[in-house]
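There are 2 protein chains.
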Amino acid sequence: MSKSNLGLVDTCDTFPYYQVDADLYAASISTYYELRVHDHDYALGYMLPSVAEVFRNVPHWEINDDDRILTLLSGGNSSERSQFVEATLLALRETGHFKVLNKWRNELYPVYGRNKEVLFNVERSASPLFGIVTYGVHLTAYTRSTEGELKIWIPRRARTKQTYGGMLDNAVAGGISSGESPFESLVRECAEEASLPADLVRSRVRGCGTVTYYYIRTEEAGGETNLLQPECQYVYDIELPEDVTLTPGDDEVEEFYLWGVAEVREHMAKGEFKPNCALVMLDFFIRHGVVTPENEKDYVEIVSRLHRRLEFPTL
Amino acid sequence: MSKSNLGLVDTCDTFPYYQVDADLYAASISTYYELRVHDHDYALGYMLPSVAEVFRNVPHWEINDDDRILTLLSGGNSSERSQFVEATLLALRETGHFKVLNKWRNELYPVYGRNKEVLFNVERSASPLFGIVTYGVHLTAYTRSTEGELKIWIPRRARTKQTYGGMLDNAVAGGISSGESPFESLVRECAEEASLPADLVRSRVRGCGTVTYYYIRTEEAGGETNLLQPECQYVYDIELPEDVTLTPGDDEVEEFYLWGVAEVREHMAKGEFKPNCALVMLDFFIRHGVVTPENEKDYVEIVSRLHRRLEFPTL
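Residue numbers (the UniProt record's numbering), protein chains in the order written: chain W, 1 to 315; chain X, 1 to 315.
Hint data in this document are derived by calculation from the structure and do not stem from the laboratory.
All values reported here derive from a predicted model rather than from experimental measurement.
A portion of the hints provided could be inaccurate.
Note that identical chains are pooled: a pair holds if it fits in a single copy or bridges any two copies.
Claimed, not checked - With a Cα cut of at most 20 Å, we get these calculated EDC-like pairs of lysine to aspartate or glutamate:
1. 99 - 184
2. 3 - 117
3. 99 - 220
4. 297 - 180
5. 99 - 224
6. 116 - 296
7. 116 - 10
8. 161 - 272
9. 297 - 117
10. 297 - 250
11. 103 - 67
12. 161 - 251
13. 116 - 21
14. 103 - 220
15. 116 - 298
16. 297 - 10
Taking the hints into account, I'd like the entire structure generated from these sequences.
Structure (structure tokens):
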């Protein structure tokens with residue numbers, strides 16, 4: 001029951017593509033509601049009808065069933081819109097209706113408009129209800145022995161974690177809060193999650209692009225299923241000296257392994273990685289010439305799908 | 001009149017995106033004819049109506065104006081289809097109708113179906129008439145001084161070249177003929193174009209992914225304008241010792257420069273690079289942490305667009 005590399009992509013980048021199957025895409029889109037803000041006539045995310053329904057008759061919101069659009073009507077700027085969104089979400093949290101809101105984080109994620117302006121900020125745990133694009137950082141930490149052998153640091157998530165407990169992860173990974181730059185977010189997470197000193201990270205880490213995909217949430221993600229989650233992960237590499245050891249800096253990681261390429265690929269094929277972390281590993285293997293056009297028949301499709309152009313404005 | 005990095009992408013990846021502007025995309029698509037082969041009900045490329053028109057009443061071809069489809073009716077396998085396509089193209093070349101066929105190359109490009117099978121092979125110069133996906137290899141050759149400074153080998157195309165004469169290019173670049181693997185194609189081109197020995201290339205070169213885009217041909221490309229050209233370039237990096245010098249191996253290159261990053265970016269911004277070569281440079285700068293989320297406001301869009309998922313089956 002080994003998973004191919006394309007199978008790993010299929011597990012995480014699950015939303016259909018217009019350019020591959022226009023009918024399937026149209027049928028899929030037609031079941032959702034668009035999220036919009038007043039005076040901006042484009043979608044910021046797709047929402048399940050069962051979620052949009054809960055906003056009916058709620059002050060500051062308007063639901064249009066003919067065009068299948070939920071619009072935040074109030075607020076003339078980012079700060080005002082954010083307040084109206086927060087007020088609605090706090091009230092919804094009190095009702096207990098949405099399971100995802102039970103994991104309230106007190107952390108804000110930004111939602112961007114077409115001019116890269118922040119249209120509003122939203123509580124992190126609510127982002128999959130709105131189907132908005134969220135941003136994160138993922139780091140691959142590796143060593144190269146004097147004989148040239150590549151070894152990669154792989155953490156196992158704490159088994160007590162509510163989402164993807166016990167699964168394998170990237171060395172460091174985390175969401176980017178509103179107002180934080182990707183690089184500063186990475187430096188902070190490196191200290192928190194892997195006990196990597198900021199100086200070492202600043203001097204050695206290298207930004208290497210993004211991995212973008214469009215995930216439809218499953219049970220493993222926790223809370224309501226089938227919520228839509230388009231994501232953009234800024235990916236970084238760090239080559240470490242052989243004498244640097246990664247150790248858990250908090251209780252989110254159970255243990256770090258230092259594995260050769262074959263061992264990492266074996267665990268990927270067994271489906272032991274958190275889905276989006278498998279994609280970041282694949283991107284690393286492609287950029288480092290481990291996965292090649294000659295040994296991977298789906299190379300062209302995989303590279304494109306790791307860099308999906310999302311339907312919504314991005315930063 | 002300096003070009004932004006996104007401006008460089010806009011110059012090469014010119015075909016509209018459904019997910020950005022569905023109406024514009026639909027309006028654009030509706031002007032083209034799909035290329036198909038019998039018994040395979042999907043598009044292999046988009047053709048201008050003025051090109052499809054020339055196939056009307058030609059044996060082995062059927063034009064359907066209602067659905068805007070041109071179908072190769074004859075041939076039950078790749079070899080037979082290739083013969084019918086060649087016969088038609090040889091006859092068309094005799095008429096002198098299509099300017100692109102005046103540059104007949106005697107080189108075959110493969111056209112793939114959904115199962116990655118070769119549906120037929122087609123003369124290289126005819127590929128933009130059919131709008132099929134073509135494949136190539138692009139190499140970035142660089143050195144790193146002991147102080148860590150990155151320098152990049154940049155060739156200037158011979159001014160006598162019919163296409164993009166005098167423009168800047170990637171160290172080595174070429175199309176992949178039918179039956180050739182990307183890697184073997186690269187090794188061959190390295191010797192031909194940059195006098196790089198095969199042993200050196202095999203031991204040092206690293207595959208780093210693909211750059212894919214959808215180009216609408218302009219006058220600079222030669223021949224008919226507005227032909228559609230979706231392309232997939234396999235990208236490779238090679239770090240060279242400082243004492244290795246690139247020299248033209250044939251008359252396609254006028255001269256090689258060894259430039260620092262700032263100098264390369266300056267020439268990119270001036271629009272001096274062949275459009276798709278600027279994209280390969282951008283991908284290199286992103287993978288190597290030169291262009292970052294912090295210094296490039298269009299980072300997320302650029303990374304996605306350098307890896308466009310094409311509308312047609314790919315290898």
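Quick rundown of the hints versus the structure:
1. In the homo-oligomer, the alpha carbons of residue 99 and residue 184 never lie at most 20 Å apart, since the shortest distance is 31 Å inside one protomer and 54 Å across protomers.
2. In this assembly of identical chains, the alpha carbons of residue 3 and residue 117 never lie at most 20 Å apart, being 40 Å within a copy and 22 Å across copies at closest.
3. With identical chains, the CA atoms of residue 99 and residue 220 are at most 20 Å apart within one copy only, with a shortest distance of 13 Å there and 57 Å across copies.
4. When the C-alpha separation of residue 297 and residue 180 is checked against a cutoff of 20 Å, the pair qualifies only between copies, where the shortest distance is 14 Å, while the shortest distance within a copy is 39 Å.
5. Taking the shortest alpha-carbon separations for residue 99 and residue 224, only the intra-copy value of 6 Å comes in at or below 20 Å, while the best inter-copy value is 58 Å.
6. Taking the closest pair of Cα atoms, residue 116 and residue 296 come within 20 Å of each other only across two copies (12 Å); inside a single copy the shortest separation is 37 Å, beyond that limit.
7. Only between protomers do residue 116 and residue 10 lie at most 20 Å apart by alpha-carbon distance; the minimum there is 18 Å, versus 29 Å within a single protomer.
8. Taking the closest pair of Cα atoms, residue 161 and residue 272 come within 20 Å of each other only inside a single copy of the chain (15 Å); across copies the shortest separation is 53 Å, beyond that limit.
9. When the C-alpha separation of residue 297 and residue 117 is checked against a cutoff of 20 Å, the pair qualifies only between copies, where the shortest distance is 11 Å, while the shortest distance within a copy is 40 Å.
10. In the homo-oligomer, the alpha carbons of residue 297 and residue 250 never lie at most 20 Å apart, since the shortest distance is 40 Å inside one protomer and 33 Å across protomers.
11. Taking the shortest Cα distances, residue 103 and residue 67 never come within 20 Å of each other, neither inside one copy (32 Å) nor across copies (51 Å).
12. Taking CA atoms no more than 20 Å apart as the test, residue 161 paired with residue 251 passes inside one copy only; the shortest distance there is 9 Å, against 62 Å between copies.
13. Taking the shortest alpha-carbon separations for residue 116 and residue 21, only the inter-copy value of 17 Å comes in at or below 20 Å, while the best intra-copy value is 30 Å.
14. In this assembly of identical chains, residue 103 and residue 220 lie within 20 Å of each other by CA distance solely inside one copy; the values are 14 Å within and 57 Å between copies.
15. Taking the shortest alpha-carbon separations for residue 116 and residue 298, only the inter-copy value of 9 Å comes in at or below 20 Å, while the best intra-copy value is 34 Å.
16. Taking CA atoms no more than 20 Å apart as the test, residue 297 paired with residue 10 passes inside one copy only; the shortest distance there is 15 Å, against 30 Å between copies.
When the structure is compared with the earlier hints, violations turn up for hints 1, 2, 10, 11 and for no others.
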